[in-house]
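Student: The residues making up each chain are set out below.
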Amino acid sequence: EAQVTQNPRYLITVTGKKLTVTCSQNMNHEYMSWYRQDPGLGLRQIYYSMNVEVTDKGDVPEGYKVSRKEKRNFPLILESPSPNQTSLYFCASSLSSGVKTQYFGPGTRLLVL
Amino acid sequence: AQSVTQPDIHITVSEGASLELRCNYSYGATPYLFWYVQSPGQGLQLLLKYFSGDTLVQGIKGFEAEFKRSQSSFNLRKPSVHWSDAAEYFCAVGPSNDYKLSFGAGTTVTVRA
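From first to last, the protein sequence lines are chains A and Z.
My numbering applies: residue 1 is where the first sequence begins, and numbers increase by one.
My numbering applies: residue 1001 is where the second sequence begins, and numbers increase by one.
Simulated from the structure, these hints should not be mistaken for lab results.
A portion of the hints provided could be inaccurate.
What the hints assert, rightly or not - Selected chain A positions facing chain Z (Cβ under 7 Å, derived; list incomplete):
{"no.": "1", "residue": "8"}
{"no.": "2", "residue": "16"}
{"no.": "3", "residue": "40"}
{"no.": "4", "residue": "43"}
{"no.": "5", "residue": "105"}
What the hints assert, rightly or not - Taking lysine to aspartate or glutamate pairs in the EDC-like style, the calculated list, with each CA pair at most 20 Å apart, reads:
{"no.": "6", "chain 1": "A", "residue 1": "18", "chain 2": "A", "residue 2": "79"}
{"no.": "7", "chain 1": "Z", "residue 1": "1100", "chain 2": "A", "residue 2": "59"}
{"no.": "8", "chain 1": "Z", "residue 1": "1068", "chain 2": "Z", "residue 2": "1054"}
{"no.": "9", "chain 1": "A", "residue 1": "65", "chain 2": "A", "residue 2": "53"}
{"no.": "10", "chain 1": "Z", "residue 1": "1100", "chain 2": "A", "residue 2": "62"}
{"no.": "11", "chain 1": "Z", "residue 1": "1100", "chain 2": "A", "residue 2": "56"}
{"no.": "12", "chain 1": "Z", "residue 1": "1100", "chain 2": "A", "residue 2": "38"}
{"no.": "13", "chain 1": "A", "residue 1": "69", "chain 2": "A", "residue 2": "79"}
{"no.": "14", "chain 1": "Z", "residue 1": "1100", "chain 2": "A", "residue 2": "53"}
{"no.": "15", "chain 1": "A", "residue 1": "69", "chain 2": "A", "residue 2": "56"}
{"no.": "16", "chain 1": "Z", "residue 1": "1100", "chain 2": "A", "residue 2": "79"}
{"no.": "17", "chain 1": "A", "residue 1": "17", "chain 2": "A", "residue 2": "79"}
{"no.": "18", "chain 1": "A", "residue 1": "69", "chain 2": "A", "residue 2": "38"}
{"no.": "19", "chain 1": "Z", "residue 1": "1061", "chain 2": "Z", "residue 2": "1088"}
To be verified - Stretch by stretch, here's where chain A covers chain Z in the computed footprint (C-beta under 8 Å, at least three residues):
{"no.": "20", "region": "1041-1047"}
{"no.": "21", "region": "1104-1111"}
Just so you know, these numbers come straight off a predicted model, no measurement behind them.
Just so it is clear, CB atoms sit at the ideal spot from N, CA and C, and this is done for glycine as well.
Make the full structure from the sequences, and use the hints.
Tutor: Below you can see the structure in the form of structure tokens.
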């Protein structure tokens, strides 16, 4: 089944404790992206990757890191989480050609205390 | 810069009644336009998309949307709402030559019996 998977789905952590949220897709998509969703703000793009070893900042990259060492994986790293990073995070992927329809993962709900 | 406005934060509609969700966008060139639905606790699912051609687009679950360039709008409609349509709906716009999607803040739809 074609899908985007994220782990963990739920995470509670404390300020300053480094964490990684994994994202994996099995559709051989070149493009992957991370979004955060906050009430009243919709989805805002954090980082995106056009292909392996190619990443760029989205609209809200501060406090986040990403890497793209393999085509299928695009982890989101919070080196020193803060409470304002409490949010619902979505990973998405798409082909690099055509309409570039993005397929979304199920989301990761993060609470930073 | 591109942006999306969804003027209605919350809409309540009776089951069987028609539904229209508004979406206005700001973009300097020909945009790609999308509507996504997010059911409670779920990820985003693509309802429909427009990139060229016929301005009336049919999607899944009986939804349709009409692109009106003169009004910079891409409103979503459904003739008869079912209780399972209760969800949050997001309009998104992106350039044809890039991957950067901008999302609206979302419209929550409540369906009453």
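Student: Next, verify each hint and record whether it holds.
Tutor: Hint by hint, here is what the structure shows:
no., hint, result
1, 8, "15 Å, violated"
2, 16, "29 Å, violated"
3, 40, "6 Å, holds"
4, 43, "4 Å, holds"
5, 105, "6 Å, holds"
6, A:18 with A:79, "5 Å, holds"
7, Z:1100 with A:59, "9 Å, holds"
8, Z:1068 with Z:1054, "11 Å, holds"
9, A:65 with A:53, "13 Å, holds"
10, Z:1100 with A:62, "17 Å, holds"
11, Z:1100 with A:56, "11 Å, holds"
12, Z:1100 with A:38, "18 Å, holds"
13, A:69 with A:79, "18 Å, holds"
14, Z:1100 with A:53, "18 Å, holds"
15, A:69 with A:56, "14 Å, holds"
16, Z:1100 with A:79, "25 Å, violated"
17, A:17 with A:79, "7 Å, holds"
18, A:69 with A:38, "29 Å, violated"
19, Z:1061 with Z:1088, "14 Å, holds"
20, 1041-1047, "holds (count 5)"
21, 1104-1111, "holds (count 3)"
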